[in-house]
Every structure is written in structure tokens, then in C-alpha cells.
Amino acid sequence: MKWILKACIYSLFAVLPPLTQANQVTARVISPVESVVPGETLWFGLSLEIADGWNTYWKNAGSTGLPPTLELSDGQTEIQPELLFPAAKTKPFGEDTSLLTYGYMEEVLHPFQVTVPESVSGQWSLTGEARWLVCQDICIPESQVVSLSLPVVGSEREMRRTPWVQKIDAARAAVPTDFPATVNFAGAQSVWISGLTELNVKDVMPETAGETLGLVQRVESLNDGVLITFDRVLNPADFAVGSWVVGLETGSVRIPFDPLLTVPSAKQQNLSLGLVLLMALAGGLILNLMPCVFPVLSIKALSIAGKASKERREVQRGAWLYTAGILVTMLVLASIMVGLKAGGAQIGWGFQLQTPWFVGLLVYVFVILGLWLYGWVEFGMALSGVGQNLTEGHSGRAEFFTGVLAVVVATPCTAPFMGVAMGYTLTQPWWITLIVFSVLGLGLALPMLVFALRPQLASRLPRPGHWMIRLKQFLAFPILATAIWLLWVLVRQTSSDVVALMLGGLLLLVFGLWLVKGGSRLSRALGLLAVIASLS
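Residue 2 is where the sequence shown starts when you use the working numbering, and the numbers rise one by one after that.
Take these hints with a grain of salt, some might be off.
For each label pair, taking beta carbons as the anchor points, the in silico distance ranges come out as [unchecked claim]: (1) Ser524 / Leu216: 46 to 56 Å; (2) Gln167 / Ala23: 28 to 38 Å; (3) Leu472 / Val451: 11 to 21 Å; (4) Gly40 / Glu221: 30 to 40 Å; (5) Leu481 / Pro448: 17 to 27 Å.
Simulated from the structure, these hints should not be mistaken for laboratory data.
Ideal placement from N, C-alpha and C gives every residue a C-beta, glycine not left out.
Build out the structure end to end from the sequences listed, making use of the hints.
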């Protein structure tokens, strides 16, 4: 999504003619002195006065936006000064709180250095163009010609300061300074800053272009640093390098990111293992209501409703096998995570989403599952056990692999309480990680465990009928919506070319499935080849 927005913005800068309406921002170059000396290096400033309700952007604009630029010429040399960026503010883009931007409102001054040429005499002039993006509910690329002309004098004693010098000095002082601390991830939604003790943290902004952390929710002391919790799940893969700017009551500081920083044990956060396990159980239970998991749970419930008139033992057996599929898959995920942690990786729930090929595989899984739920395609084997079996007979594989599927489709989602529980495992021994993941799996399987323990409850489910078909078709839509979201994740991780190939592969996949439905042997063979080609 963000690359699309930025591509549009860049193209607007490239092709739009100057706007005839008044700009929302007034720009000018200001000087600290009334005259200059040849060879002198001075701090100037690009002043941007911003209309009410509008904003310009920091050097990392965040989810969308662009920082201002300045191009100058002194008649002899083309100059592209490096603008400094004072501390910015975190601001949602419009009404969408999922998109965060970093920028300025009302007024901002960007200091920059220019050296006066040695050969200049008489009058020294700077002319050029400033460009910026200004946003409110919409974004407008704007530009303005700026100029400055100063007399040349023979010595510094003849130079006189202007009232602007104080503003330029204040803007330089507002630029975040390096601070003797380091930061690393401490959980799914939190980071730990070692060496920082101030609790009044207002903003945390990564310098990595295009990335955001979230809104600060809670700040608490932890050992010789602070633990900061955000309002959303973080992806460590996005922040492998660079520094973060932390806005404090006393000013903003620049802190380097260190993935090797050892985070204190979560035990020191007054979290007991029992409380964490309770959170994991609750998080797994709530995970069933997420749009990526709820359709699978619903289809499993429909399967039980279809068997309600049969022996209770069959209902009970299916529920136990579904639970076993979830627990086995959870333990496999936990084991992989433990192995990666042993290699120094900082990962948590959904770590697979950091790998583009796995995200692409999930897109295929969700599209196929959505088409199957809608009834557009039928398989010789079922994914959930409704009306068909994974193999012929009653081996129970359908129920087991439905549990596996439930965990696979759950990986893009995060439920309340899960963040704390998963973050706790980052600093714990391997056996605690396995226990927490197992309890999370029990929470995910809990609705079906009820039928395993009380199979007679299946008789209280609605009787099978046409409503089951309509419900299955309805459940296809949240599944396909999740596939679209995963494509957006893939855009962030790779490029538009990769996503274009993915969409082409999906088209070939759907075409192949359509051929398989054709009925003739040739059609099915061609369809199978198309499906295989779409996965290559």
C-alpha cells in the first residue's frame, strides 16, 4: 500500500504544473547574518509556515508522505544542502489510525550549511526551489522559488547578525542528539531501551524510511532502562539497522538499534508463569474470533452439526483429533522458534511472516480456501471434513489436518493477551516456550475440546440444511480479505514486480482449477499442469 502511495506522490512532483491556487505552505530561506565573508561556512534555514490543519513531513515520513527538499545555486555551483530535521510528532494519516506519519504542523525550520565561495565579491546570491508534500485529508505536492542576496564584506568584524540567528540556533538544538543508550525488541509489542531512565516518553520514531512503530501506550522502568509498549504488533525484520528517535519531556534523543542487546527477563516485569499461561489460554480462545481463523472454526462446527445424529463417540473422536492437530503444529512452530532464538534471532508469534516466500504461500492457501468455501471449486479431499474425508474411509486425518490448517491460517492474526504471552517467551528457557505455545494451542482448540469432553452437546447444534451452504459461502469473504492483506504485507517485504508475479500465479491457479472442473480427462490434465505451473 505504501509503495503505491509514494509512487503516486513522486509522479505528481514530476508531472504536475505549478498550482494556481495559494500554497498551504509558505517557504523562504533565512540568513543568520546581513553580509558574508568569502570562504565562510554558515548555518542558514529553510522556513516553512504551514496552514492550520495541514502538516509537512520528517525525514522518515512514516506510512505515507515525503520529506521536503531544497536545491540552490549561487551562480557558480549547484548546491543540494543537507537539511536537518528537528524533532517531529507522530500523527495518524487522516482517520486511519493504522497509518502513522511523522511530521510538523504550524511551522518548522530546517537548518542547513552553505560555504560562501572564495572568489565571490560584491553581492552573493542564492536562488533555487524548495519542494515538499503537505497533507490534511488529502496530500498536495507544492514548491516555491526561494532566493537570498547578501553583500560581501572583507572580514567577520563587518558581519552583522540578524534576528533569525536565534531561530536557526534553536532549530539546530531541536535536532535529536546521540544518546548513550541502545534499544532492542522485548516482545511482540514492546521494546527495551537500556541506559534511558526517563519515563515521560512521548514518541518513538525509527529513522528507517517508510517504517513506523506505533503509538506509545505504556512506559515502565525495567532494570537500568525503560520498557515501552506500543498499540500494535511490531515486525523486527523491518528494523534491522538504523537508529530511533525518542521524544522526551526534555527534548529528543537519537538511540541506535542493537539486535544483540540482551533484554532483561520478563520475570522482572512482575509477570508470573501462571499469569502468562492464563493470558496465552485467553489469547488462543479469542484467536478463534479473528477473521483468519473463524471460518475454519465455523466449518468444523458445521462438520460436528452434520454428525450430531451419529454416535457421540465419532463426534468426540473428531474433536480430540482436531485438538491434536493444533497442539502438534503449535509445538512444531515453537521448536522452530526455539532453534532460531538459539541462533540469535529476535522473533515471536508470526515470525514466518518475515519470510516473503511463506507469505506468498499463505496467499495461495487463503485464496484456495476461499474458493473452496464459496463452492467455486471442489476437491477430492476435504480441508475440514465436511462431507468428505482426507482419504477414503474414516482414518481421522481430515480432523487432524483441520487442526493443522487452523494454526497455519492463524499465524497472520494476533489476539488480545497474546502479545504479552508471546513476548514473555522471548527471554525464557526453551521448555517454557513450548509450554506457552501448548497452552495457546489449547485456547485455540477450546471450543472443540468442549465437544470432546461433552459430545452430547453436538445434538444442540442447528440441524443441517441449506443454511450451511450459505454460511460456508459467507465465510469465504473474510478468508479472501485476509489474502488481500497478505498481499499488502508482501508488497512491503519485496517489490511490485514480485506481487505482479504473485497475481499472475494466482490467475493461473484459478484458471487451472477451472479446467479441473471441466470434466474431461484432457481438461483435468491441463488444469493440473496449470496449477503446478502457478506454484513454481
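Structure-based check of each hint:
no.	hint	verdict
1	Ser524 / Leu216: 46 to 56 Å	holds, 54 Å
2	Gln167 / Ala23: 28 to 38 Å	holds, 29 Å
3	Leu472 / Val451: 11 to 21 Å	holds, 20 Å
4	Gly40 / Glu221: 30 to 40 Å	violated, 53 Å
5	Leu481 / Pro448: 17 to 27 Å	holds, 23 Å
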